[in-house]
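Colleague: Each chain, written out:
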Amino acid sequence: MEPPRNVTASAQHLQVALVQTKPLKGRYTENLRNLQPAFAEVGEGTQLVVLPEAALSGYFLEGAVYEIALPARRFADDLARTWSEACGNRRVDLVCGFFENDEGTYYNAALYLEIEGGEARIIHRHRKMFLPTYGVFDEERFLSRGRKLGVFETRFGKLAILICEDVWHALMPTIAAIKGASVLIVPSAAPGRGIDSEGELGSILRWREVLTTTASEHGLFILYAGLTGFEGGKGMTGSSCVIDPHGDVLVMAPPTEPCILLADLDLGEIDVARATLPLLGDLDAVLPDLLLDDELPLPRART
Amino acid sequence: MTYTLIKAPHPSVGPPGIEASVATMWLVAFLRDEMCVRRGLERAVIGLSGGVDSAVTAYLCARALGPRNVYAIRMPYVTSSPQSLSDAQLVIDDLGIESRTIEITEAVDGYLRHEPDADARRRGNVMARMRMVVLFDQSAKLEALPVGTGNKTERLLGYFTWHADDTPPVNPLGDLFKSQVWELARYLGVPQRLIEKAPTADLEANQTDEADLGISYARADAILSQLLLGYSDEQLIERGFKEAEVKLIRRRVDGTHWKRHLPTTAMLSNTAINEFYLRPVDY
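Protein chains in written order, with the working numbering: chain G, 102 to 404; chain B, 665 to 947.
No wet-lab data here; the hints were simulated from the structure.
Hints may contain errors.
27 Å max Cα-Cα, derived DSS-like pairs, lysine-lysine [claimed, not checked]:
{"no.": "1", "chain 1": "B", "residue 1": "Lys816", "chain 2": "B", "residue 2": "Lys906"}
{"no.": "2", "chain 1": "B", "residue 1": "Lys816", "chain 2": "B", "residue 2": "Lys861"}
{"no.": "3", "chain 1": "B", "residue 1": "Lys816", "chain 2": "G", "residue 2": "Lys335"}
{"no.": "4", "chain 1": "B", "residue 1": "Lys906", "chain 2": "G", "residue 2": "Lys335"}
None of the values given here were measured: they were computed from a predicted structure.
Work the whole structure out from these sequences, hints included.
Modeller: This is how it looks when you write it as structure tokens:
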């Protein structure tokens, strides 16, 4: 990974765009091309663009994942070129989910890129750690788990990426927050289900509960980019959203169509939220006691 | 001081619920994506029987594709109830969809002449399969996609003809229990007559689904919805279901897994299709 350029810890505002993609299954080149008008649409002031999990391939690939997966460098270069073709030399940071081929080992991953002048610097790569392999999901049959939850420095402060199920395990955002993340980026592909709740699918409702609870518990922004479109009868729920550190939804996309969400994040809200509800500070103090509990199944140094 | 006693309710034992507006939104999006975006087809052909399942399918397709892109094909056999034809007509008139009636009697009898001893079950299977021959041929002629109408209850109970009713490549109702289909029908404005009449495969005179199955759809759906979650027979009986009805449902589900799969193929290599060579349907 490379260090970010011009790190300024005091950045107060962050203009984000969430691009909710609806890819054609397995047609990577076409999907990449279809991204150009979306990039062109993103406002001039946008500093960070976030795309979903499996944003340019579709999610349910089964064995075809080995035909579609790309080396991280190639994927970064493709995105940088597409951005430059649409927006010229304008600088942007960009997060996008993809299936990664790392010399024959395959991951569900997302890259954080700094793009400028047609060049992409890979600032961070997150490999999904919790691979759902139950019911409709079959990820671990085809993919390997990521082994590290990294929090990384950017020109907007410390960020973390969690992919889809990663964020459902409360420990994951907790660790990201303890390690200093102020913005959590969540690329996702969530197949919808549950038709007995009012107004929206049960799974969308449940996702929002998870995200708003997480944001307010730790006082951080969440940028959730959801894939949309039906894949063999299974509809991805889109519903991309931006959640502020108080747990309020600032903007949310509909479930079934491609769209772009724009939001201006006042990063100063993080301090206000954490002062109002200082749960993260409390955790900081208590965490050592929790982790030193020898009844926990944690690895210990051999004695 | 007095304390108010508040008890947790017992688990629900009723048929599964449905928020019809949410289901409609999702199914309309499903039809548009799977037909127009993925397959590039704007037209649907539906075998319109006069029953509630094919009616709901027609209403959903009309919303998703527009009524002029929906072709209802009525395929009566000589013994089919005339009421089924007129009930289907209510749907055609209400939606303003395209329609055609194609008698299958000659085609079915052309074969059955060679099998005069065929019982009602065999004759019903021949009719069901003939209807799919017609529907698929009409789809080729109209550059349209056959849309399936089978619901989750009949799929789970195996109450359909294998490689007939279940063959259309897209099916909006296959994950909805019959009770949920009725709820959806009310929401979509399906004519009341079709919602209130006793469901029937109409393969024999005076046939009804519930008599064939030996249980009402409401009870079957209530049991199925919990059985599928993994509750044991003992737990279901403890929740208030009768042992006989639980066993009936369990037997039907366990005896028909094969009907919900493609044919069993002998595996001889490490590239066996759908065993090792795994590609999604939309790849």
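Colleague: All hints are to be evaluated individually against the structure, with a verdict given for each.
Modeller: Consistency of the hints with the structure:
Using a Cα cut-off of 27 Å, the hinted pair Lys816(B) and Lys906(B) holds, with the two alpha carbons roughly 22 Å apart. A hinted pair counts as satisfied when its Cα atoms are at most 27 Å apart, and Lys816(B) with Lys861(B) qualifies at roughly 19 Å. The suggested pairing of Lys816(B) with Lys335(G) holds, with an alpha-carbon distance near 16 Å, which does not exceed 27 Å. For a cut-off of 27 Å, the pair hint linking Lys906(B) to Lys335(G) is broken: about 35 Å separates their Cα positions.
The structure fails to meet hint 4 from the earlier list, while all remaining hints are met.
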